[in-house]
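> Here is what each chain is made of, one letter per residue.
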Amino acid sequence: MNYQTILYEEADRIGTITLNRPHKMNAINDLMLEELDDVLRAKETDIDLKAIVIRGAGRCFSVGQDLSGEGNAEVMPPDSKADISAKGLIEAGTRWNRRLEYIFNYLKPIVAEVHGYCLGLGCYLAMACDITVAGEDAVFGDPSLRMGLITGIPLWTWFIGTKKTKELLYLGRYIDASEAEEICLINRAVPSDILGEEVQRYASALAISPGDGMVVVKESINAQMEARGVGAGWRFLTQMQTINWMQQKQILANEFNFWEVRDKKGLKTAIKERDDTIEKFFPKP
Amino acid sequence: MKTFRDVVKWKSQYQKRQWEATPYEGREFSAALYEKDGPIARITLNRPEKRNALNDAMFSDLMAGLHKANDDSDVKVVIIRGAGPNFSSGHDLSSPEGEESPPVHPSLAPSVRDFYNIEKRRCNKHEDIFNFPKPTIAQVHGYCIGAGMEMQAACDITIAAEDAQFGLRGFGIAPIGVYGHNLGPWPGASPKLLGGNFLPELSGKEMEMAGTINKTVSILKLEEEVNKWAQAIASQPTDALAVAKEFINGMLDITGYGAMWRTHYEGHVMIQWVRFRKDEVSFYRSKKDRGLKGFLQERAMHSTPKKEHGRE
Numbered sequence: 105m106n107y108q109t110i111l112y113e114e115a116d117r118i119g120t121i122t123l124n125r126p127h128k129m130n131a132i133n134d135l136m137l138e139e140l141d142d143v144l145r146a147k148e149t150d151i152d153l154k155a156i157v158i159r160g161a162g163r164c165f166s167v168g169q170d171l172s173g174e175g176n177a178e179v180m181p182p183d184s185k186a187d188i189s190a191k192g193l194i195e196a197g198t199r200w201n202r203r204l205e206y207i208f209n210y211l212k213p214i215v216a217e218v219h220g221y222c223l224g225l226g227c228y229l230a231m232a233c234d235i236t237v238a239g240e241d242a243v244f245g246d247p248s249l250r251m252g253l254i255t256g257i258p259l260w261t262w263f264i265g266t267k268k269t270k271e272l273l274y275l276g277r278y279i280d281a282s283e284a285e286e287i288c289l290i291n292r293a294v295p296s297d298i299l300g301e302e303v304q305r306y307a308s309a310l311a312i313s314p315g316d317g318m319v320v321v322k323e324s325i326n327a328q329m330e331a332r333g334v335g336a337g338w339r340f341l342t343q344m345q346t347i348n349w350m351q352q353k354q355i356l357a358n359e360f361n362f363w364e365v366r367d368k369k370g371l372k373t374a375i376k377e378r379d380d381t382i383e384k385f386f387p388k389p
Numbered sequence: 005m006k007t008f009r010d011v012v013k014w015k016s017q018y019q020k021r022q023w024e025a026t027p028y029e030g031r032e033f034s035a036a037l038y039e040k041d042g043p044i045a046r047i048t049l050n051r052p053e054k055r056n057a058l059n060d061a062m063f064s065d066l067m068a069g070l071h072k073a074n075d076d077s078d079v080k081v082v083i084i085r086g087a088g089p090n091f092s093s094g095h096d097l098s099s100p101e102g103e104e105s106p107p108v109h110p111s112l113a114p115s116v117r118d119f120y121n122i123e124k125r126r127c128n129k130h131e132d133i134f135n136f137p138k139p140t141i142a143q144v145h146g147y148c149i150g151a152g153m154e155m156q157a158a159c160d161i162t163i164a165a166e167d168a169q170f171g172l173r174g175f176g177i178a179p180i181g182v183y184g185h186n187l188g189p190w191p192g193a194s195p196k197l198l199g200g201n202f203l204p205e206l207s208g209k210e211m212e213m214a215g216t217i218n219k220t221v222s223i224l225k226l227e228e229e230v231n232k233w234a235q236a237i238a239s240q241p242t243d244a245l246a247v248a249k250e251f252i253n254g255m256l257d258i259t260g261y262g263a264m265w266r267t268h269y270e271g272h273v274m275i276q277w278v279r280f281r282k283d284e285v286s287f288y289r290s291k292k293d294r295g296l297k298g299f300l301q302e303r304a305m306h307s308t309p310k311k312e313h314g315r316e
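Protein sequences appear in the order of chains P and S. Numbering-wise (my numbering), the first sequence opens with residue 105 and increments by one. Numbering-wise (my numbering), the second sequence opens with residue 5 and increments by one.
Just chain P, same shape as in the assembly (with noise of 0.2 Å):
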């Protein structure tokens, strides 16, 4: 299988997915969605293939979406100047929603191993994968209110709480690894030389155990998650998204604006200054 953003190669049961764009920090462009998707697709129906790791190549996991502009049509809310209909945006919310849900139910279990940064749609990756292991140089977190924009999934609620789910999200906060194992984020934090021994210690335990219990076993718990509502949560998301790419263009004269620093002073710029705004306040770990 030859991909331009993504590598794929197997080993004992275990498919590892490697996010490959080191030079933009495995930043996630259209391409490598679909890339994730297709290769997904692929290997869901080979019963041989036990469990599934996701990594990044480099210096980290993912710093999330691809800001550039170019080649995110998808994993970015339109172009405010652009004519954006209501039914385009539920479309696009839709699909960007499907996408990670289908991470999230996937009929293997999937492990995310997880360094450096892990951000924004990086970090929703790691959420929505069953088992999230990260060396204890990860940061976690999610900028996009600092952007206008607001989280790109769910989970959150159902994961660390209420409280938890607020401070992180209003803030933007970004955490380290031993923070978001206590907050049941992640699973485990790891010292960052054993991470990839111990993602695969944790793939090859899944690995033994029979593939058919184990699809059992993870449909039981999401259909209990089901039950508590992340169904809906799903389709709540797709909405409030809408509403919220609707009103992008409305973030105030006095307030920090994202895309016009991008526009004006480029990429790198306009994600320091995103990043100067609240490390005022909240230094990254």
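The set of hints was computed from the structure by calculation and includes no laboratory data. Every residue gets a Cβ at the ideal spot worked out from N, C-alpha and C, and that includes glycine. Among the hints, erroneous ones may be present.
[Claimed, not checked] In the DMTMM-like style, the derived pairs of lysine to aspartate or glutamate whose C-alpha atoms are separated by at most 25 Å in a straight line are:
1. Lys225(S) x Glu383(P)
2. Lys219(S) x Glu285(P)
3. Lys219(S) x Glu240(P)
[As the list claims (entries may be wrong)] Negatives, chain P to chain S, calculated, CB over 12 Å:
4. Arg250
5. Gly252
6. Arg305
7. Gln343
8. Lys376
Go by the hints and put chain S onto chain P.
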């Protein structure tokens, strides 16, 4: 004999959000104070001599303050805090019988509909704070009891002093709280801290461990820490904050938050008919026989599981 309707003017269950229906124009804030500091509004519960016990006047000023903060487009975040020794000691049990804050005296023989309406209005004040369109921060020090506890639970963020004391004491009956829903999915926290402890009194530190509040700091640093959080939130785009709050609260509604508020006030309605055995502490009986202070003493003795208190 007086009846409920002689004392309390008939009111239907509330239609508008209560802060929205409380005017602030020309108001002299006193039981709760309102001040504005750039994008931050501070509402200070201000009856320190009564440990900020919540009565109708205080709720009214608080609601008016929220109304004002919502109408003021400069304001991006609201801090709720208490003047004097603590955040709040809960509903003022010494309020006159016509007020909404204390429990309705059974001798007033209210109908079920009267109870339904008054309890819904009473409990919805907290729900209205929860759904207030701008982010809210509770700054908690000292006692944070009963309705004070509910109020901080309804705020988006709670920062407390390490030695703050949280608790639900009830009217000599089992407490009905909404804060349990704020517990995260921590498997160890809830049984360890709350299970088997029917009248839990937790310190700020324990509340933080249980995941029901965001952070505790030394009381000396409380104000500074709260201001930092407020400014950090205020640095976010206004409209996106509104959408984010609506989104998170919507998610919580899906998990049953709406039903939780409902069971909360329906629980309030039900507890009106609790019958007390002779060896149990009844607010009404105890207050009649020994006065309010006598009731508080008796309740404290009964809810403190120590042998040396030697209950008779």
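> Next, verify each hint and record whether it holds.
Hints, one by one, checked against the model:
1. Lys225(S) x Glu383(P): Holds, because 19 Å separates the two Cα atoms, which is no more than 25 Å.
2. Lys219(S) x Glu285(P): Distance ~17 Å between Lys219(S) and Glu285(P) Cα, so the pair holds.
3. Lys219(S) x Glu240(P): Given that 25 Å is the threshold and the Cα spacing comes to 22 Å, the pair holds.
4. Arg250: Answer for Arg250(P): violated, closest chain S Cβ roughly 6 Å.
5. Gly252: 5 Å, violated
6. Arg305: 22 Å, holds
7. Gln343: 9 Å, violated
8. Lys376: For Lys376(P), whose nearest Cβ neighbour in chain S is about 15 Å away, the distance exceeds 12 Å, so it holds.
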